[in-house]
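For the protein sequence lines, the chains are A and B, in the order given. Our numbering applies: residue 1 is where the first sequence begins, and numbers increase by one. Our numbering applies: residue 340 is where the second sequence begins, and numbers increase by one.
To be clear, the hints were calculated from the coordinates, so they are not data collected in a lab. Do not rely on the hints blindly, as some may be mistaken.
[To be verified] The following label-pair restraints were derived from C-beta to C-beta distances:
no.	chain 1	residue 1	chain 2	residue 2	range
1	B	LYS602	A	SER255	51 to 59 Å
2	B	LYS478	A	GLY12	40 to 48 Å
3	A	THR213	B	GLY511	28 to 36 Å
4	B	GLU533	A	GLU136	34 to 42 Å
5	B	LYS478	A	LYS165	55 to 63 Å
6	B	GLU342	A	LYS31	49 to 57 Å
7	A	GLN206	B	GLU375	55 to 63 Å
Computed from a predicted model, the values in this text were never measured in an experiment. Here a beta-carbon is modelled for each residue, glycine too, at the ideal position from N, C-alpha and C.
Number of protein chains: 2
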Amino acid sequence: MKECKIIIMGFGAVGQGIARAIALKKEMISKDYGVELKVVAAADSSSSAISGDGLDENLLADIKNENGKLSAYPDYGTIMSGPDVLDAVEYDLLMEATPTNIETAEPALSLTLKAFEQGKDVVTSNKGHLALKFGEVTKAAQDNNVEFKYEASVGGAMPIINFTKETLASCGINSIIGILNGTTNYILSRMTSEGSSYDITLKESQELGIAETDPTQDVEGIDAACKTVILANSLLGIDATYSDVEVDGISNITSQAIELAKKDGYLIKLIAEVSPNQLKVSPRLVKQGSSYDVNGTLNMATIKTDLAGEVTVMGLGAGSLETASAMLTDVISILKSKY
Amino acid sequence: MKECKIIIMGFGAVGQGIARAIALKKEMISKDYGVELKVVAAADSSSSAISGDGLDENLLADIKNENGKLSAYPDYGTIMSGPDVLDAVEYDLLMEATPTNIETAEPALSLTLKAFEQGKDVVTSNKGHLALKFGEVTKAAQDNNVEFKYEASVGGAMPIINFTKETLASCGINSIIGILNGTTNYILSRMTSEGSSYDITLKESQELGIAETDPTQDVEGIDAACKTVILANSLLGIDATYSDVEVDGISNITSQAIELAKKDGYLIKLIAEVSPNQLKVSPRLVKQGSSYDVNGTLNMATIKTDLAGEVTVMGLGAGSLETASAMLTDVISILKSKY
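So here's chain A without its partners, still in its complex pose (with noise of 0.2 Å):
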């Protein structure tokens, strides 16, 4: 049976998803598309696992989880990282899950890069180099004839990239309006709920996980901006970078506004909106019992086109084996298209 040799690089909720959601889809993978996933190498910031024989890809994700490092696993943990796993052992795809930066875009840029120089497909995760550089990424892609592909820096478990790409091929997009960050939804939501304020939302936020220590990339409305310039290069063509976007975050609105939007039947939510006149992230007022009304940490994307009217997409826009589960996917469509 033809192999396919992985090394995941960033190992932490979404890279530890990827290993499990290999372990549970490989036996359906090899019987439904004849190729045998193997996860030669994993690394997170500082080690690394690496073994060209593969390795038990529960067994990764215990150890990071028990102790901290991959270089705790058995035999085959090193204190190699970065750029060097990729020259350590034979692979043929990489599925990059590191923390995405939008300033340098590293360690993304590079490692995509590398990969790429490599002859290799990625599928990845990130959205920095995206946001930043697409153009210079997907044409590095073209360039060494290798598949690129980045459904879950999108809406996690969401599909709207190969969504819009694939099953809406016969449609021309005329724009895409949704809610793209889980966290600030998770935040209004709640505050529009329980009446109660932002600062004591949030702090409740961080308790339970679902706010970052450091916020700001979310609340901020960064994170929405990266997935709106994502969406404006790959669904609607325009050539755009992070500073493209006007962005607002949530962190100036009240209690006080919410309550009044909901006396007049509206919510508040952080809207990204896509379109060849405008690419904006900002709060916006959305009729209750719209499309627009969902809850928690829920994404929803409306996507209108020219032929199919308005489709509507909904889903998790967050979570390790949720995210993964897109990346996953990915690596089928790639499996389909080249193996």
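The hints should help you fit chain B onto chain A, whose structure is shown.
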């Protein structure tokens, strides 16, 4: 440039939508996929227009609209109809859009099997042959090594089949629950907003052209039951046929029942459930503001998966150009894999 010669069988609203959609999109398709679409025949129930050199798609739709019969097409109009058309001209792909017949599955069944035997790919919007003989028809396609695609048979312009198969490829599907009939959703939405009776609302819907003169297929849940069977077979691998679905329609729903539900924060919707234990179409209570709270002729479906959690999709369940767009996406998918 490569050519894909198309026969359109059935030239009602959907057939005419196909012709107009091809006219709108053939330039994009030849540019993006390197294949020229050419309609070499179109047939209604008693006549056709046939030319190996290609027909004018917009003229086909105009003629049908003005004359009621394709035999009026200049120079190439004939009184030929039915399966003979498939012998009258060389072609590559059948786009089948005849009316659904849930007793005999004809003429879709004969046309589809004949095209398969001739080694031709088929894209259909018909539900009859799929709901009655899914296994037989899909096996015939496999045996003849041809493509058979049917996205438009469920949900019109709401992608659900390709959506689940392609963009959720890594996931196991546990169940699908949704609103799969636009006419009944329109009637129930209107009864809810107006407080009007079933009989009056049905009559208004008929006057608006939303419900048919004989509304049985829609209001008794037959149409939704056909779609339930198609989803069961194609997405959950359940070997079921139409008679396996438990069906209850909306004709007994009173405005009083809707009013009572409303007071408690609920709506009455015609819900289709597709799960290994249950194939069922019936009126059910759903929460106001939930993802099942969609109005008018919209369709929606929530797909419960093992890895990605719940994913919901929503779109227009009917419409001439809208349904045709789903069929054209199926055509593009065939062009990508075979041409």
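The hints, checked one at a time:
In this structure, LYS602(B) and SER255(A) break the distance hint of 51 to 59 Å, their C-beta atoms being roughly 29 Å apart. Taking the beta carbon of each, LYS478(B) and GLY12(A) are about 46 Å apart, inside 40 to 48 Å as hinted. For THR213(A) paired with GLY511(B), a C-beta distance near 35 Å keeps the hint of 28 to 36 Å intact. GLU533(B) and GLU136(A) have their C-beta atoms about 56 Å apart, which leaves the hinted 34 to 42 Å range violated.
Between LYS478(B) and LYS165(A) the beta carbon distance is about 30 Å. The supplied range of 55 to 63 Å is therefore violated. Range check, GLU342(B) to LYS31(A): about 37 Å between beta-carbon atoms, so the 49 to 57 Å window is missed. Between GLN206(A) and GLU375(B), the C-beta spacing of about 58 Å keeps the proposed range 55 to 63 Å intact.
The structure fails hints 1, 4, 5 and 6 (numbered hints given earlier, in ascending order).
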